[in-house]
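Please take these sequences and the hints and turn them into a complete structure.
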Amino acid sequence: MQSVTPASLIITEEASRTRIQCSGAWTIEHLLSVSDQLETLNPRSNILWDLSGISAIDSSGVALWQLMCRTFTQQGYICETIGEGEEHSRLFRLLYSKPPQEAPLPSSLSWLYQLGSETHRTFLGIVNFLSFLGEAFVLLFYTLKHPSLIRYRSIGAHIVETGARALPIIAISSFLIGVVVAYQSVVQLQKFGADIFIVDMIGISLTRELAPLITAIVVAGRSGSAFTAQIGAMKMTQEIDAMKTMGFDPFIFLVWPRVLALMIIMPLLIFFADMVGIFGGMVIAQVHSNLSFAEFINRLQGALTLKHYLIGIIKGPFFAFLIAFVSTYRGFQVSMNTESIGRYTTKSVVNAIFLVIACDAIFSVLLTELKL
Amino acid sequence: MKHSIIEVRDVVTVFGDNLIHDHVSCTVRQNEIYALLGGSGSGKSTLMREMILLERPQSGTIHVLGHDLSSLTPLEAAGLRRSWGVLFQSGALYSSLTVGENIALLYNEYTDLSPKLVDELIQLKINLVGLPPHAKHLYPSQLSGGMVKRAALARALALDPKLLFLDEPTSGLDPLSSRQFDILIEQLRDLLGLTIIMVTHDLDTIHHIVDRFTLLGEKKAIAEGSLEEVLAVDHPIVDYFFQKGSYGITC
Numbered sequence: 001m002q003s004v005t006p007a008s009l010i011i012t013e014e015a016s017r018t019r020i021q022c023s024g025a026w027t028i029e030h031l032l033s034v035s036d037q038l039e040t041l042n043p044r045s046n047i048l049w050d051l052s053g054i055s056a057i058d059s060s061g062v063a064l065w066q067l068m069c070r071t072f073t074q075q076g077y078i079c080e081t082i083g084e085g086e087e088h089s090r091l092f093r094l095l096y097s098k099p100p101q102e103a104p105l106p107s108s109l110s111w112l113y114q115l116g117s118e119t120h121r122t123f124l125g126i127v128n129f130l131s132f133l134g135e136a137f138v139l140l141f142y143t144l145k146h147p148s149l150i151r152y153r154s155i156g157a158h159i160v161e162t163g164a165r166a167l168p169i170i171a172i173s174s175f176l177i178g179v180v181v182a183y184q185s186v187v188q189l190q191k192f193g194a195d196i197f198i199v200d201m202i203g204i205s206l207t208r209e210l211a212p213l214i215t216a217i218v219v220a221g222r223s224g225s226a227f228t229a230q231i232g233a234m235k236m237t238q239e240i241d242a243m244k245t246m247g248f249d250p251f252i253f254l255v256w257p258r259v260l261a262l263m264i265i266m267p268l269l270i271f272f273a274d275m276v277g278i279f280g281g282m283v284i285a286q287v288h289s290n291l292s293f294a295e296f297i298n299r300l301q302g303a304l305t306l307k308h309y310l311i312g313i314i315k316g317p318f319f320a321f322l323i324a325f326v327s328t329y330r331g332f333q334v335s336m337n338t339e340s341i342g343r344y345t346t347k348s349v350v351n352a353i354f355l356v357i358a359c360d361a362i363f364s365v366l367l368t369e370l371k372l
Numbered sequence: 001m002k003h004s005i006i007e008v009r010d011v012v013t014v015f016g017d018n019l020i021h022d023h024v025s026c027t028v029r030q031n032e033i034y035a036l037l038g039g040s041g042s043g044k045s046t047l048m049r050e051m052i053l054l055e056r057p058q059s060g061t062i063h064v065l066g067h068d069l070s071s072l073t074p075l076e077a078a079g080l081r082r083s084w085g086v087l088f089q090s091g092a093l094y095s096s097l098t099v100g101e102n103i104a105l106l107y108n109e110y111t112d113l114s115p116k117l118v119d120e121l122i123q124l125k126i127n128l129v130g131l132p133p134h135a136k137h138l139y140p141s142q143l144s145g146g147m148v149k150r151a152a153l154a155r156a157l158a159l160d161p162k163l164l165f166l167d168e169p170t171s172g173l174d175p176l177s178s179r180q181f182d183i184l185i186e187q188l189r190d191l192l193g194l195t196i197i198m199v200t201h202d203l204d205t206i207h208h209i210v211d212r213f214t215l216l217g218e219k220k221a222i223a224e225g226s227l228e229e230v231l232a233v234d235h236p237i238v239d240y241f242f243q244k245g246s247y248g249i250t251c
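Same order as they appear, the protein sequences are chains A and B.
In terms of our numbering, the first sequence has 54 at position 54, counting the first letter as 1, and numbering is strictly consecutive.
In terms of our numbering, the second sequence has 218 at position 218, counting the first letter as 1, and numbering is strictly consecutive.
Think of the hints as simulated: they come from the structure by calculation, not from any bench.
Careful: at least some of the hints might be erroneous.
Said to hold, decoys possible - Straight-line Cα separation of at most 25 Å, SDA-like style, residue types lysine to any residue; simulated pairs:
| hint | chain 1 | residue 1 | chain 2 | residue 2 |
| --- | --- | --- | --- | --- |
| 1 | B | K162 | A | R93 |
| 2 | A | K347 | B | S96 |
| 3 | A | K98 | B | K116 |
| 4 | B | K116 | A | S23 |
| 5 | B | K116 | A | R90 |
| 6 | B | K116 | A | Q21 |
| 7 | B | K220 | B | H235 |
| 8 | A | K244 | B | S141 |
| 9 | A | K98 | B | G193 |
| 10 | B | K162 | A | E84 |
| 11 | B | K219 | B | M48 |
| 12 | B | K219 | B | H235 |
| 13 | B | K116 | A | N42 |
| 14 | B | K162 | B | V148 |
| 15 | A | K347 | A | F123 |
| 16 | B | K162 | A | N42 |
| 17 | B | K116 | A | K371 |
| 18 | A | K98 | B | L131 |
| 19 | A | K347 | B | Y139 |
| 20 | A | K371 | A | I311 |
| 21 | A | K347 | A | L115 |
What the hints assert, rightly or not - Looking from chain A toward chain B, a few residues come up when the C-beta cut is under 10 Å (computed):
| hint | residue |
| --- | --- |
| 22 | A15 |
| 23 | R17 |
| 24 | D36 |
| 25 | S60 |
| 26 | V62 |
| 27 | T71 |
| 28 | R93 |
| 29 | Y96 |
| 30 | E102 |
| 31 | P104 |
| 32 | L105 |
| 33 | P106 |
| 34 | L109 |
| 35 | L112 |
| 36 | L115 |
| 37 | S340 |
Beta carbons: idealized from backbone N, C-alpha and C, even for Gly.
Below, the structure written as structure tokens:
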């Protein structure tokens, strides 16, 4: 690139006016010093712009000149311009064909209004979710009456995707949870010489609480977000509208296959997490307390009654139902802009994990009251 | 003859097993409105993406503003990217920012101009492309299709580029808006001295504002030149495109 003289100014105070002599290239890269100089200028008389020295000008140069003219005029000085080049006046005519108008920022609303509208929106959200659930169930009963409408193939595909493909991550997470629980408890139990109770500790806490919860959290993060993103993307590309016009109901084709697949696979995933988690505990018991695998399993048969295991497994379909419904619902809420897909995916995972934990708490309270 | 701004020589592009361009050449001269025309899948968008450094051809050279695109230093590439503006087909406005912020982004990243001046410039650009002043505070999702294109054009013009690339500027607009957009583009060329390269298959645009164009088809550049020059070429794709003999454009 050839070298360009940056924009510069010479300001001279004449008898009755301030003369601003401009020269150099008034283009965007070379404008900085001039704009600083003009911002700090405090004229004491009328202004005469002499633009004859300007070698090149672009829209930022014109904008600066006009902006300063307006500022000076507001301060009560008259601006005159001489020596405008042909390029200069052409640009000016193009850019200032309409007088510049300030667009006021949309006024912000009072906090009371915001509180009200936020509450209303939250309430509407709940109503919408309930009507979503309602519509889904109407269609479920309809498909049960016409079993040929059930999408077995789609359910199978989702079982593979959300179940089989999730095994590695669930294995790692539950193994580590087993290790952590064993580590924490073995230290305490050794103080009493009650090492053997590690088996009870691991067996009951994992099967009843930890394995279902960890599985649900992994599934919410992995499959829940995927459901929202898949359906959201379909919404954005109008695939959902296309399905509706062809008479393919989105609930039958998209929602129920996902919900059912997850409800079928979740108890199996929890069972798998139980096994791997207990194995993790077994390894630590072996290393730390010299409790052999055979002894551990022998003890486990006595300590772990069937009800703990069953309670853990029963939670599976409930968690799956919540995760799948929230994430598909959020998917349908995605609007036509790209930003919303990310926002609703985040919301879907946060909601799903919250609902899973809330549901788990309800289970705990209920089962304790029932003395189970 | 005006000197050439873009020179494409013997470009070969292959995606996987799919040959897109088989020795395509074309030349864009200064201050003209140049179009890349062709059917779907003829590689016209790809050719433009190669000009703006989004794709690389397998062989052949592309010179833009005197720089050979295959041997650019990162610094030269950055300089080159500042000297053009690109209008994407769908606008590609950043959806988390308002129209004003979309334009301001370029000023804030590349210049140290004062906020007041940046504000003035945003107003000017919005005014220039014919958007109402309040559009500045709207988000892209609140705009209609035509307004998105205008806002994206305002963003493309932010740094006063010498070169403007337009990817299907009139697609998705109604005929009236399309013609208004054409007129706007022509005005910008005349008044700002821009060189404009566009991908289009809008024959009205070709007829009204395009100076010269290349017709792509069968992986090659079939014809290059003004409308009269291209129509004089005897080739089935030319006949097909301009529906010679039946109706459509006659000279």
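Status of each hint after checking the structure:
| no. | hint | in the structure |
| --- | --- | --- |
| 1 | K162(B) with R93(A) | holds, 19 Å |
| 2 | K347(A) with S96(B) | holds, 17 Å |
| 3 | K98(A) with K116(B) | holds, 19 Å |
| 4 | K116(B) with S23(A) | holds, 22 Å |
| 5 | K116(B) with R90(A) | holds, 23 Å |
| 6 | K116(B) with Q21(A) | holds, 22 Å |
| 7 | K220(B) with H235(B) | holds, 12 Å |
| 8 | K244(A) with S141(B) | holds, 24 Å |
| 9 | K98(A) with G193(B) | holds, 21 Å |
| 10 | K162(B) with E84(A) | holds, 22 Å |
| 11 | K219(B) with M48(B) | holds, 14 Å |
| 12 | K219(B) with H235(B) | holds, 14 Å |
| 13 | K116(B) with N42(A) | holds, 17 Å |
| 14 | K162(B) with V148(B) | holds, 22 Å |
| 15 | K347(A) with F123(A) | holds, 16 Å |
| 16 | K162(B) with N42(A) | violated, 35 Å |
| 17 | K116(B) with K371(A) | violated, 71 Å |
| 18 | K98(A) with L131(B) | holds, 12 Å |
| 19 | K347(A) with Y139(B) | holds, 21 Å |
| 20 | K371(A) with I311(A) | holds, 12 Å |
| 21 | K347(A) with L115(A) | holds, 20 Å |
| 22 | A15 | violated, 31 Å |
| 23 | R17 | violated, 24 Å |
| 24 | D36 | holds, 8 Å |
| 25 | S60 | holds, 6 Å |
| 26 | V62 | holds, 8 Å |
| 27 | T71 | holds, 8 Å |
| 28 | R93 | holds, 8 Å |
| 29 | Y96 | holds, 8 Å |
| 30 | E102 | holds, 7 Å |
| 31 | P104 | holds, 8 Å |
| 32 | L105 | holds, 6 Å |
| 33 | P106 | holds, 6 Å |
| 34 | L109 | violated, 15 Å |
| 35 | L112 | violated, 23 Å |
| 36 | L115 | violated, 23 Å |
| 37 | S340 | holds, 8 Å |
In summary, the structure is inconsistent with hints 16, 17, 22, 23, 34, 35, 36 from the numbered list given earlier, while agreeing with the others.
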